[in-house]
Every structure is written in C-alpha cells, then in structure tokens.
Amino acid sequence: MEIVMENKLNFLNALDWVYIFTLILITYALEYYKVSEWIGNGLFKIRTRFQVLIIGFVYAVIVFLIRGYDLPKIECLFMSFLFATAFHKFLLQVFIEKFFPKKKAETSKEDPLKGV
Numbered sequence: 001m002e003i004v005m006e007n008k009l010n011f012l013n014a015l016d017w018v019y020i021f022t023l024i025l026i027t028y029a030l031e032y033y034k035v036s037e038w039i040g041n042g043l044f045k046i047r048t049r050f051q052v053l054i055i056g057f058v059y060a061v062i063v064f065l066i067r068g069y070d071l072p073k074i075e076c077l078f079m080s081f082l083f084a085t086a087f088h089k090f091l092l093q094v095f096i097e098k099f100f101p102k103k104k105a106e107t108s109k110e111d112p113l114k115g116v
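Letter by letter, the sequence shown follows residues 1 to 116 in this note's numbering.
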C-alpha cells in the first residue's frame with residue numbers, strides 16, 4: 001500500500017500544474033463566451049471535445065516553446081493534458097455549473113407578429 005501511495009505522489013508531483021489550471025481556465029472561458037461561434041460567425045461549429053483537444057495541443061506547444069522544455073517534458077505535458085481534461089470533466093464541471101450558470105439567450109416576451 002505504501003508503494004502505491006508513493007507512486008501516486010510521484011505521478012502528481014511530475015504533472016505541470018500551471019499548465020493544468022490555465023488550460024482549464026482557457027477552455028472554460030472560450031466555451032462560456034462561445035468564441036468559436038464568434039470567430040466563425042456561425043459558418044462552422046466545432047464540438048466541445050474537439051475544441052479542448054485543439055486548444056490543449058496548441059497551448060502545450062506554446063508552453064513547450066516558451067519554457068524551453070526538452071523532449072522528455074513532452075510526456076509530462078501530455079499526462080498533464082489528460083489529467084486536466086479528466087479533472088475538469090468529472091470534478092470541476094459540476095461545481096462550475098452550480099456557481100456560474102451558462103449564459104441564456106435573451107428573448108423578447110412580445111409577440112413579433114402582433115404588429116403585422
């Protein structure tokens with residue numbers, strides 16, 4: 001049991017926590033403000049899981065280049081990406097939706113055909 005706990009702690013310590021938390025914030029902000037719809041002006045719509053995949057890959061490349069990581073750190077970034085998506089999907093999403101509900105489209109209560 002002690003060996004298992006030690007391996008879990010080593011795994012958690014090896015993750016890039018700054019990457020994890022910023023990726024979660026970036027993907028949530030882009031989803032909340034519907035940036036993909038704004039960029040495409042309704043011409044295309046990408047499913048959320050593909051948006052997260054694309055954003056995670058692009059952001060990992062940016063982090064890799066800015067921080068000057070060497071090639072073994074690619075595995076760390078990949079594991080951090082997997083952990084971030086699982087952590088966000090299964091734990092944080094429940095709490096975020098309770099405290100920050102999604103924007104609702106405002107609709108007029110008047111009948112649009114009434115004046116015709």
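Worth flagging that the hints you see were computed from the coordinates, not collected in a lab.
For glycine and all other residues, C-beta sits at the position ideal for the given N, C-alpha and C.
Just so you know, not all the hints are guaranteed correct.
Derived lysine-lysine pairs resembling PhoX-like cross-links, with alpha carbons at most 25 Å apart [stated by the list, open to error]:
(1) K34 / K89
(2) K73 / K34
(3) K73 / K8
(4) K8 / K89
Pair ranges (Cβ atoms, derived) [unchecked claim]:
(5) K98 / W17: 32 to 42 Å
(6) R49 / F95: 13 to 23 Å
(7) R47 / L9: 13 to 23 Å
(8) F11 / K89: 17 to 27 Å
(9) E97 / P72: 12 to 22 Å
Outcome of the hint check:
Our distance criterion of 25 Å between C-alpha atoms is met by K34 and K89, whose separation comes to about 18 Å. Distance hint between K73 and K34 is unfulfilled; the C-alpha atoms sit about 32 Å from each other, more than 25 Å. Simply put, K73 and K8 have alpha-carbon atoms about 18 Å apart, close enough for the 25 Å limit, and the pair holds. Between the alpha carbons of K8 and K89 the distance comes to roughly 20 Å, so the proposed pair stays at or under 25 Å and holds.
One distance hint, 32 to 42 Å for the beta-carbon pair K98 and W17, is violated here, with the actual separation near 24 Å. Our hint of 13 to 23 Å for R49 and F95 holds, since their Cβ atoms are close to 20 Å apart. A beta carbon spacing of about 35 Å between R47 and L9 contradicts the range 13 to 23 Å that was offered as a hint. For F11 paired with K89, a C-beta distance near 19 Å keeps the hint of 17 to 27 Å intact.
A hinted range of 12 to 22 Å for the beta carbons of E97 and P72 is inconsistent with their spacing of about 37 Å.
This entry does not satisfy hints 2, 5, 7 and 9, going by the numbered hints stated previously.
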